[in-house]
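K.L.:
Given next are the chains, with one letter for each unit.
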Amino acid sequence: MEKILDRLVNGVIDGPDDLAGIGECLNILDELEGQNGSAGALRKEIEKVRLIFKRLILEESSDPNNDWLMIQNLLGSLKNFSGPGEALGSAAAEAVSGIEPESACETGEEDFFASAAIDSGNDIFPDQEVTESTELQDPELLKDFIEEAKEHLSTIEMNMLGLETNPGDTEAINAVFRPFHSIKGVAGFLNLSEIHELSHEVENLLDSARSGKLAVTDSVIDLVLVATDILKGLLEELESGQSGRKVASPVVKGFLEKVKTFGGDPAAGAGIPVRKVGTILVEHGVLEDETLPDIAQKSKVEGTKFGEAAIEEGMASPREVSKALREQRHNIETAQSVRIDTRKLDNLVDMVGELVIAQSMVLQNPDIKKIKDQKLQKDCSQLNRITAEIQRISMSMRMVPIKNTFQKMIRLVRDLSRKSGKEAQLKMNGEDTEIDRNMVEEIYEPLVHMIRNSVDHGIEMPEERTKAGKDPMGTILISAEQKGGNIVIDIEDDGRGLDARKIREKAIERGIISELDQFDDKTAYDLIFHPGFSTKDKVTEVSGRGVGMDVVKKCVEGLRGKIEIVSRPGRGTSFHMKLPLTMAIIDGMIVQIGAERYIVPTIALKESLKVSREAYFTVQGKGELVKVRDSIMPLIRLHNYFNEEPKHRAPWEGLLLVVIEGQHSYCLLADEIVGRQEVVIKSLGSLFEQLPGISGGAILGDGKIALIIDVKGIISLYEDSSK
Amino acid sequence: MAYKDLTVLIVDDFVTMRRIVRKILRDLDFQNIIEAEDGMAALEVLKTTKVDLIVSDWNMPRMTGLELLKEVRGADNLKDTPFLMVTAEAQKENIVEAVKAKVSNYIVKPFTAATLEEKLAKIIPR
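Protein sequence lines correspond, in order, to chains A and B. Going by my numbering, the first residue of the first sequence is number 1, and it counts up by one from there. Going by my numbering, the first residue of the second sequence is number 1001, and it counts up by one from there.
Check each hint, because a few of them may be wrong.
To be verified - On the chain B side, residues computed to face chain A include the following (Cβ under 7 Å):
1. 1014
2. 1015
3. 1096
4. 1099
5. 1100
6. 1109
Said to hold, decoys possible - Calculated from the model, a selection of chain A residues having no Cβ within reach of chain B, i.e. all distances over 12 Å:
7. 218
8. 499
9. 645
10. 663
Unchecked claim - No farther apart than 30 Å at their CA atoms in a straight line, the calculated lysine-lysine pairs in the DSSO-like style are these:
11. A/44 to B/1100
12. B/1004 to A/143
13. A/578 to A/483
14. A/344 to B/1023
No wet-lab data here; the hints were simulated from the structure. Idealized CB from N, CA, C, for every residue including glycine.
Let the hints inform the model, and build the full structure from the sequences given.
P.N.:
As structure tokens, this is what we get:
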């Protein structure tokens, strides 16, 4: 102890400004206290020094120089404590009285500190702080801030929803707290007082949740979600340059009132469950479920982390704990990244496409092919590998996990089910599946529509579900998977399923089909995609599906994708969406028609085949037909639409491509299949944009251009002309 | 040494905040500015680059400013690097922790170039 005191008095601090010195000193004081835990008088002295130090550190001292003198005196007087035990009492009293004349007034000083502590704990200083910095008026900065803040807000949402299922997850609370904190920080610099104030209040709320003073209840979550929405609104206003006055003030004020009246109930925080680390350790078979509360208690009492406590108790080895921690952290960790303008990325991908084509033009050049040099051949295959890798990497740069989009759906399901009095949860699978970022935005709307449908019309009310022997909580499963060059997204609910009979009745009533039409159930389901099928309120009455499902179909087809429905009455419905991974490249079947080659997107193709002469016939008023197995389908001569002179006029000599559009199948007649290839889609420019039957162009391996056939367009041309 | 000869490392997980701090540092004539998105990333930078000043946010994922500070002070080759902690008014109380861990000084956001300069004057020998 003598030694410690010597170190103290020998001046580790240069002055009231020397924070590092103060830090050192505080550490020594801790050490001192640790050694003489029971000496009440000494402890009192140390506490006094600490208070003054804190005041100095926080720059809350009214007279730093006087405080500095007091510190020196107090530290000097500590030297008087040379022995242990109560004998110190008188020495302490002496020391205290010794400094009394110099310090202004001891009781007053403590009062001052107490009130200062309260102030800094609860008060906001936005006015004073914000006005301090004004020169940051950089529109570029503001724009980027809006962008970044929005991004962070979406992570808030998903973490918040995670908290709902696991309210004690401090890391999740932290993850929500952090973005509000950052947004507040920047808003302070940029003088965005409303955003600043709002995020500040939420931050406070979350801070009490973080420290266990406030339990994360549904209403807390609701409050934070509302705040997120308001913040988004404020950001959007900023973005559109409306100087943030329209929505802002009243909404923000109202909300702030709500937050402020939201008193933290200290008792409510008591039941925070064990940290996830514990759960993970149980899963690993390291700990028993029953031991968790004990360890948690110990870690609480000693202020250590759960893992540390488990190690101390000898219940887990450091290696096991660190493994669990790693696992816990795994989901949070993100790879380092750089922001890039998406236009640059798109250009890069474009140019890589060109590179691949240019390479194959060179390599397939007859003169080059003639060269029989081994070294050249080796180099060429090396070049091939490299370009393929570049293509793969550049494509992957535009890919993002579908997770974010999926996670937005959690909120949707939550809100919808709350509103309708149903109970529904969203589960997901394969959310790490990656998809072209351009596609992400495009599939958002259709997903919302489908999920809305599932909740509105698929999932039954809890009583109804219980009666049917189901879990009162409905489940919607949304999953994504990469299959070949496509991404397959399934949305599956365990609701009541589609009623084919009612759909048929409805379709007849609307004049979409006639009573004579015979369909199987599957075809009947497809009727809900018909534009005329339903309007929202009507459908709700008959509890069918169909809210804007035609829009969904249009969207999916616009992306060159396909959508199918599978439904089992009483068991649920699933939508099966198949989309290309990227909009820039399609998997195409290259077919020869006359002198030119054309590309038919493989996704549109059901099969390609040759038929016998007998399968072909004509019917008055219906034109040319082909019988493929048991079904009869119209024949569409592609050469007619592209004004080509075909090699084969007879359908049994040429090649037939079977495609499905709506409820009908068609046969497209081409001369032959040249091959199958992934092609980079090129726009034909505004002049040819509206060209029916053509959706774009592509450069083939030999450098020639081929047109991409828009199957749907061809079919509607056919239907129009045969009417 | 003049500010323009010093290398500064800004640590913050929020990109906009890094840009703001960078801008203010530029106003003070700093030329060599490196950024890191959290404590871990900062340590990576520190492994390869000699840094004369660290300006770090407190609240970051993966590794907080306090944890970074402890790492820095615990490393023989880095322990004397001036370390300025950026904090928010509401979190100021925690600064005592940072002081115990030998932070050189701290600054409360939002701050102006003038405030920053004042703080730097205390921690960088000129």
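K.L.:
If a hint holds in the structure, say so; if it does not, say that too.
P.N.:
Hint check:
no. : hint            : in the structure
1   : 1014            : holds (4 Å)
2   : 1015            : holds (5 Å)
3   : 1096            : holds (6 Å)
4   : 1099            : holds (4 Å)
5   : 1100            : holds (5 Å)
6   : 1109            : holds (5 Å)
7   : 218             : holds (25 Å)
8   : 499             : holds (49 Å)
9   : 645             : holds (60 Å)
10  : 663             : holds (51 Å)
11  : A/44 to B/1100  : holds (20 Å)
12  : B/1004 to A/143 : holds (29 Å)
13  : A/578 to A/483  : holds (9 Å)
14  : A/344 to B/1023 : holds (25 Å)
Of the numbered hints stated above, none is contradicted by the structure.
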